[in-house]
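J.: Chains as they are written, first to last, in the working numbering: chain S, 1275 to 1658; chain Z, 1275 to 1658; chain E, 2 to 100; chain D, 2 to 100; chain C, 23 to 202; chain B, 23 to 202; chain P, 358 to 664; chain R, 358 to 664.
Please note that a few of the clues may not be correct.
To be verified - On the chain S side, residues computed to face chain C include the following (Cβ under 8 Å):
#, residue
1, W1390
2, G1626
3, D1628
Said to hold, decoys possible - Computed footprint of chain D on chain R; a stretch qualifies when at least three of its residues, placed anywhere within it, have a C-beta under 8 Å from a C-beta of chain D:
#, region
4, 366 to 372
5, 414 to 421
6, 444 to 453
7, 492 to 503
As the list claims (entries may be wrong) - Quick look at which bits of chain S chain Z covers, simulated, 3 or more residues with Cβ under 8 Å:
#, region
8, 1395 to 1401
9, 1489 to 1500
10, 1524 to 1530
What the hints contain is simulated information worked out from the structure, not anything from laboratory work.
Idealized CB from N, CA, C, for every residue including glycine.
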Amino acid sequence: MKKVIMGNHALSYGAMLGRTQVIAAYPITPQTQVVELLSEMCADKTLDAKFIKVESEHSAMAACLGASLAGARTFTATSSQGLALMHELLHWASGGRMPVVMGNINRAMAPGWNIWADQNDSLSQRDTGWMQFYCSNNQEVLDTVIQAFKISEKLLIPSMVILDAFSLSHTYEIVDIPEQEKVDEYLPPFNPQLKITPDEPHAFGGLTGPEHYFELRYKLQKEMEKAPALIEETGKEYEKMFGRYLGLVDEYRCDDADIILITSGTVGSTARVAVEELRQEGIRVGNLRIKVFRPFPFEIVRNIVKGAEKIAVVDRNISYGHHGIFYEEVKSALYGHNNSVPIFGFIAGLGGRDITPSTFKEITNLALKKKRPEEEIIWIGVKR
Amino acid sequence: MKKVIMGNHALSYGAMLGRTQVIAAYPITPQTQVVELLSEMCADKTLDAKFIKVESEHSAMAACLGASLAGARTFTATSSQGLALMHELLHWASGGRMPVVMGNINRAMAPGWNIWADQNDSLSQRDTGWMQFYCSNNQEVLDTVIQAFKISEKLLIPSMVILDAFSLSHTYEIVDIPEQEKVDEYLPPFNPQLKITPDEPHAFGGLTGPEHYFELRYKLQKEMEKAPALIEETGKEYEKMFGRYLGLVDEYRCDDADIILITSGTVGSTARVAVEELRQEGIRVGNLRIKVFRPFPFEIVRNIVKGAEKIAVVDRNISYGHHGIFYEEVKSALYGHNNSVPIFGFIAGLGGRDITPSTFKEITNLALKKKRPEEEIIWIGVKR
Amino acid sequence: MRKKKRAQKIVFKSEKDVPLMAMSTGTMLHNKTGAWRNIKPVIDLDNCIQCGICWKFCPDVCIFVEDELPVIDYDYCKGCGICAEECPTKCIAMVEEEK
Amino acid sequence: MRKKKRAQKIVFKSEKDVPLMAMSTGTMLHNKTGAWRNIKPVIDLDNCIQCGICWKFCPDVCIFVEDELPVIDYDYCKGCGICAEECPTKCIAMVEEEK
Amino acid sequence: MIEIRFHGRGGQGTVVASKIMADTISKEGNYVQACPEFGVERRGAPVFAFIRIDNKPIYDKSRIYNPDHVVVADPTLIEAIDVTEGLKEGGYIIVNSEKKPEELKFPEKFKVATINATEIAIKHNLGTLASPIVNTAMVGAVVKILKLAKIESVLEAVREGVPVKPKDNAAAAKEAYEKS
Amino acid sequence: MIEIRFHGRGGQGTVVASKIMADTISKEGNYVQACPEFGVERRGAPVFAFIRIDNKPIYDKSRIYNPDHVVVADPTLIEAIDVTEGLKEGGYIIVNSEKKPEELKFPEKFKVATINATEIAIKHNLGTLASPIVNTAMVGAVVKILKLAKIESVLEAVREGVPVKPKDNAAAAKEAYEKS
Amino acid sequence: MKKEKKMAFSLPEEELMNSGHLACQGCGAALAMRYVLKALGQKVVLCIPACCWSIIDGQFPYSSLDVPIFHCAFETAAVSASGVKAGLEMVGDTETTVVAWAGDGGTFDIGLQALSAVAERNDNILYVCYDNEAYMNTGIQRSSATPYGAWTTTTPVKHFKERPKKDIDAIMAAHRIPYIATASIGYPEDLFRKAKKAKEIEGTRFLHIYAPCPTGWKSRPEDTIKLARMVVQNATFPIYEIEWGEKYTLNIKLKEKKSISDYLKIQGRFRHLTKKEIASMQEEVDRKWERLLSLVNSSREKDQIPS
Amino acid sequence: MKKEKKMAFSLPEEELMNSGHLACQGCGAALAMRYVLKALGQKVVLCIPACCWSIIDGQFPYSSLDVPIFHCAFETAAVSASGVKAGLEMVGDTETTVVAWAGDGGTFDIGLQALSAVAERNDNILYVCYDNEAYMNTGIQRSSATPYGAWTTTTPVKHFKERPKKDIDAIMAAHRIPYIATASIGYPEDLFRKAKKAKEIEGTRFLHIYAPCPTGWKSRPEDTIKLARMVVQNATFPIYEIEWGEKYTLNIKLKEKKSISDYLKIQGRFRHLTKKEIASMQEEVDRKWERLLSLVNSSREKDQIPS
Ligand SMILES: Cc1ncc(C[n+]2csc(CCOP(=O)(O)OP(=O)(O)O)c2C)c(N)n1
Ligand SMILES: Cc1ncc(C[n+]2csc(CCOP(=O)(O)OP(=O)(O)O)c2C)c(N)n1
Ligand code: SF4
Ligand code: SF4
Ligand code: SF4
Ligand code: SF4
Ligand code: SF4
Ligand code: SF4
Ligand SMILES: [Mg+2]
Ligand SMILES: [Mg+2]
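Isolated chain S (complex conformation):
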């Protein structure tokens, strides 16, 4: 069934179709509609779930962890400050192998207070052991939530489904809402091999000395390394059932491109428009939108950019004292693999500053003009 819904409701529908059993969440702009709709769904029994109305995001994640350990499928959603407040427990979720699925609306970090799109919130969590899926439209949001349950529960690693503030969270788009029965077929009930129950009394997460901790963490990483192949597989399966492929990246006209834009989120959607317009001007440009940032899809990125003469990474984020984060990681991924191609790092759109097709034209032209990057960071749109 097609419906015109906002990105936040796409998250809620995803959680509903995924038959989430326990929800614990706390409101924050621009995420509130996610919890509001889920509250309604629980109230009118469209969704048979317990919704724990916690007093903070920190407790939201804590409740999810408990419920997940008890063997229930769990969902939460947040943004920026709320996500940051969960930080300690994000580490907990991955280390404890609790496959919570969370929606996060990308919003800038305070201070000053800013409720607009900016990836620093989720990217600051890049080292917490969560898988991260960056979405570019509402359909992708809904589809990704369902897929995320499947992947997370297979690997016992939590997932974050990420969308931009307002330009997705509050934007209405036409979304095909799959039928419940088909989703049930795609996504079996959660039935973890290990869970907390008095029938088999184990202690979870107790003191773990240097003689064991390393191996536990090694296993987490090894399992995470299975994700790329698994995401491709479950993505194809999804395509077979629902007609939409998910996958690791969204590649657009990269095969013959001289210059490839590397993007993510809605910015990666707008980039497509610029690619078309620039192509009409005779510039061979492509757009590689990275959908899965954790685990980093090394192989497919390396393959796609192989032929390019230049790469321009566009970051709506920054690691202060370093570079844009996608820029940093793309360079790192290509080191030793594609050593000759110059990679330019652009930072644009922090705190919701708009990124339009002409922003990409400016970026493309700048990258085409220079032989190689002369600055560590090229700032786009700063008033100077």
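Model the placement of chains Z, E, D, C, B, P and R with the ligands on the given structure of chain S, informed by the hints.
T.: Using the frame of chain S, we list chains Z, E, D, C, B, P and R with the ligands on its own:
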């Protein structure tokens, strides 16, 4: 005056000599001795400071931010879970330009509970806009705290002084404790240009729209970019007064090295021993210990490794779904600068697994044997 | 007597003009919230007993006193109607805004 | 009667043996805390009135009852002295550990 | 692609209007994207929303700076802000007003249409005299004037998408459609 | 470089002992590093600490696996754990014991020395009969046996570094030094 | 026109809050600030966590207050104030009153722990909670201050709030701080007096202000003051002071305790309630009122209880 | 040797806690666990945040309990339990008692907010706080449960704790949860009965257990039980129950209320106190005791107060 003190007390002495005015901290193993000694110093008036005995690390950082905004010099210390619990407020400190100085004892993240050395706690904060100083002995700890006040207050950017659990925090070493008067000469009182006072009623950190946020963040990054030069300068100044140079990195026998180890923390100290032993076996190896990780010292790292034929980065940390974090950032820093040299990424010592001189021998030999890295991560010491 | 405060807009042409941190340097007086109003209070001063109640309860601080009588500052009045509701002599009427 | 629980040590030779998460599979009974003891309780059963108080107050669960009398499990007794202190007939003595 | 900007006041259902527009469009197989102003909405304060309509998928997620048309749901807004900002030449300005288009004195380069949505809303019991809920009437008018969809699609969208008084709202939309 | 491992029990001041050792060493211009077992200390439970001594800066921050000598502050530990683990051939085992070295029956490849530190401690009013505080006496003995420093350095270190009863502690250290 | 009589002012004329702020029409929270600042004067620093007031104040580079504000993290109002206070004292300013100014969400929920810790230490700050009984800034979600029966977007009509409002005043009383007071914007003179009194006291002071929110309560903006009076008159929100957690004083005595039904009727958030539900609410109000009266009556007469 | 008489057991024989655990000699917290598990039986899940008990239980891959444990983050005991409870119910287990088991630090300080929120929602969990009056796991730092006068490493003798112990029971009572009880390991039968009673109640239940810590209090290990009795007998830690925040019942009545001085004398943490300081402590104890008695006396007789 020379004294045999533990790393935690080196932090406390640093805070004392720096004439910290407000302390807010919460105990956590392996940091407790820092707060205990500071409690005593405040009780017996060795240090004229207010110590706010908060109920959590979250509140510890919040109190420091308030005090810093009021124009007081502030200090706190924590570790692992406590640092993670501060995460949201770490963003606040940098975004609000509050030059708090914090000691962090590197300890592994739960679950399972683990109190031993591991850098994942501080490195998970790499995107929060704090400067990060990694220390390798107690003298460095003390000296760095004093320097950190100076640099932080100049740039209005907070600093984290980092030391390994137990192998530094609880280890007694001989430390030269500078005289108060000389420290006073080196470090002037904190007197920020902007502070909160009824005399000039400004609102700090209010709602900031897309039309301004970007510029504020640009300024933060630009200011952070001044840190490397400033650290070299204040380091030399320190050397002049106290005989010890601080600086960005600690380079040991890299000039003629065929293979350079890149290390940090106490691991980077132990590496020196291995370098000497390997040199005796005729292997030309050097050790580049990175002291300042944020801002990343791009230039000096690029310069020092120029001549090497191979680089081996040793990480006591991991970004799950990616690489060791130093490995990732070193590759990124060298991309486009030093494209031919193979860089090997080793992960060792997570959760306090010991790293000894022979660990480095194994690493060096592995790197020497291979032409280029065949695996994304080379694990050292996992029981297999 | 209402003291006049500055109400200018602040424009930053370059990042160089922007302060180090998000710190206010102007007042919200530049924001003429009268534009939010969809219904307008009008005081019939003849019946006013100068009780000060309308002044006291205005959430937008936009009733001031001139010559010992209440005056509404329509630049800011949002038209909430509290003054009219609370006026003991009901001498404030809420009237439609001209379009 | 004290039920016997397994007290083996668990050794992981390879990461493959380690569970997915830090999850206990054995009991602390392998840990013979008797080694912590520096002073040792000895019961003079003749004067024991079988009140069960020593059993009740042992924090280390190491007084068990055999043939209706209290017996100390020295494998675990840490020598806290609570049993001796609380015994109403004072029939438990704390004696020096042989060296 | 058609790009439209909706002007209204906080609390008057501006976002709902754009959402119903989008529903209407989607009923006829076109692609559509609707999004509110990105910000803090306060009752009474001027707010706006955007709509993009196309016959192929819409990838552009940036804001609309040069709308093809603008819609003004509250006539008092014309005094408060510049509703024509960025409006393309030849674009429509569709205003809820009892006046005739000429009386509004917009520059000649724009087309102007008026609809007395307030009257229609009040007639159909939508909102109060002080704050009538005009959004469905506005949608009816806009869809007709810009020839975006059939009346059936509008009515379906209104019935499905309006939480309260769906019938009255549908009637208002219909009346506005017919009067435009 | 000399590497020493100290064995004791939680609550008996093992860490303090190693710290006083380090103080003593530093008084004579050598470099030293002392660190406790990395873990959770419980009263009564076996614990240990390490010391490294050198005439040049000590960079190795790893644990000590093959100590040159070991010190055992509580004789009952010999039953509880293997105090010779990793000990280098020819290394000293210095035990707080009333027995003679031979009686302790250690393998011949090690040197054994005993000192009745408990007796000394009790004599100087350090701790109680049930739990005497033997650490200063042990330091005195170890420094003498391993020829690490002069008695003056020991005494200075004890006086500066022991929070309670510095005099009695110094006397105990002295007595142990002299008796060894 | 000129009148002979002088205009009557029951509060000082000086304003530290400016027009142009971003509160909704008829906002009770705006009034709360206006009154408190009149009482405290200019020597004040406010710490405001996320709440409606972080919007009301205005957007950078503007503010609507003539006192300094630290816009702090949502969960940190109390301890941010402690930090500012400590900092000011260390730089030589011992006079300024440092105020934490938070909504009910920031006080009863996410900021409770920091507040409790500040009270436990008896840090020298004034904590003001303006209570609009839900998370309004984010669009009306339940808080633990939301009363029984109320609709919010997270307590939909089919599953309205089922637990009573958290009794924050009793919780604070358990901390035995020098001063706690409730107040309502419907009684500005009482509120003003309490803010002034609180200013003079040392230690942790807690001021709990009832501040209706037309947007969140689905009430008419013009009813804001009426609601703020009714709630007191029907004893849903009694007005009293507590000294050192022990001495209770009732400030607004009720000649005739009104029923709650009129009060509920003019708020959309209670529209769905059945008669039975309203009756049980009334019972609860009566019970709490009695309990309060007995605390007041049994309060021993003491000037100050040493803590 | 055989005796005719049977051994007397005042508690069930079955043990769910094993020897070999890592508590110090004479640890009160270990006993608290032993008794509570005897009462609750095997159908239990424990959520244990950072505290001594996260060490006592043992190191991976071992545990000293025969019931499952979720070792959770320090500040999350209460809400972790709520999460586990919700999860278990959704997977079909409605019987298991889910217990949050935390120290005083995890309860009075860093975990207070999560606990308060759980109580506000009346989530169906049993919260047990074993109170050793400081952060012991990290080496004896003050918590807000540390009593006035006590030395800890962060309240050195020269600056000992100056504020009274936070009254967590009053705070919890203000939440009007169905059941609150204090208990002491010195009175195991009383404690046992309360844990059993709490198990049968629905909603949030709070059990506050006094558990001496020889390591942190600088007391002799063998005095643990003695201290746990003295503290009750001298009314420093009275033993009572509160139902629905209103009905107070005193469980251990005092024929003769002892003075606190003997109790203080055998603890190193109070060694530095002057006579005057002790006298003022005694006054405070007396005052609190009277207050409690008056609450008990004025408790109206109700079987259950609807909330
Ligand atoms: C950590 C965090 N979580 C959530 C938010 C989002 N948020 C901002 S204000 C607010 C509600 C505030 O409610 P209250 O304190 O009652 O103040 P009010 O808005 O009602 O005035 C919320 C949930 C935030 N800013 N930070
Ligand atoms: C976020 C966080 N901060 C600090 C710690 C360190 N920590 C572990 S246990 C503990 C004290 C616990 O005190 P309490 O709850 O009273 O239990 P006790 O140790 O006394 O049994 C502290 C501070 C932690 N684990 N996590
Ligand atoms: S409330 Fe009415 S009577 Fe009183 S001053 Fe205002 S207008 Fe005059
Ligand atoms: S209508 Fe409201 S805003 Fe306008 S003057 Fe009256 S009280 Fe003030
Ligand atoms: S306490 Fe004493 S008398 Fe009682 S059973 Fe034990 S040994 Fe026997
Ligand atoms: S001494 Fe302590 S541990 Fe040993 S049996 Fe007696 S009570 Fe148990
Ligand atoms: S939502 Fe309510 S509290 Fe917030 S500004 Fe509007 S009226 Fe005031
Ligand atoms: S420190 Fe105290 S509470 Fe902790 S295990 Fe030891 S005796 Fe028990
Ligand atoms: Mg509120
Ligand atoms: Mg404790």
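J.: Does each hint hold? Answer for all of them.
T.: Here is how each hint holds up against the structure:
1. W1390: holds (6 Å)
2. G1626: holds (7 Å)
3. D1628: Given a least distance of 5 Å, the restraint on D1628(S) holds.
4. 366 to 372: holds (count 5)
5. 414 to 421: Three-residue rule met by the region 414 to 421 of chain R, so holds; n is 7.
6. 444 to 453: violated (count 0)
7. 492 to 503: violated (count 0)
8. 1395 to 1401: With 4 residues closer than 8 Å to chain Z, the region 1395 to 1401 of chain S meets the three-residue bar; holds.
9. 1489 to 1500: holds (count 8)
10. 1524 to 1530: As far as the region 1524 to 1530 of chain S goes, the hint is violated, because 0 residues have Cβ atoms under 8 Å from chain Z.
Hint check: violations occur at hints 6, 7 and 10; the rest are consistent with the structure.
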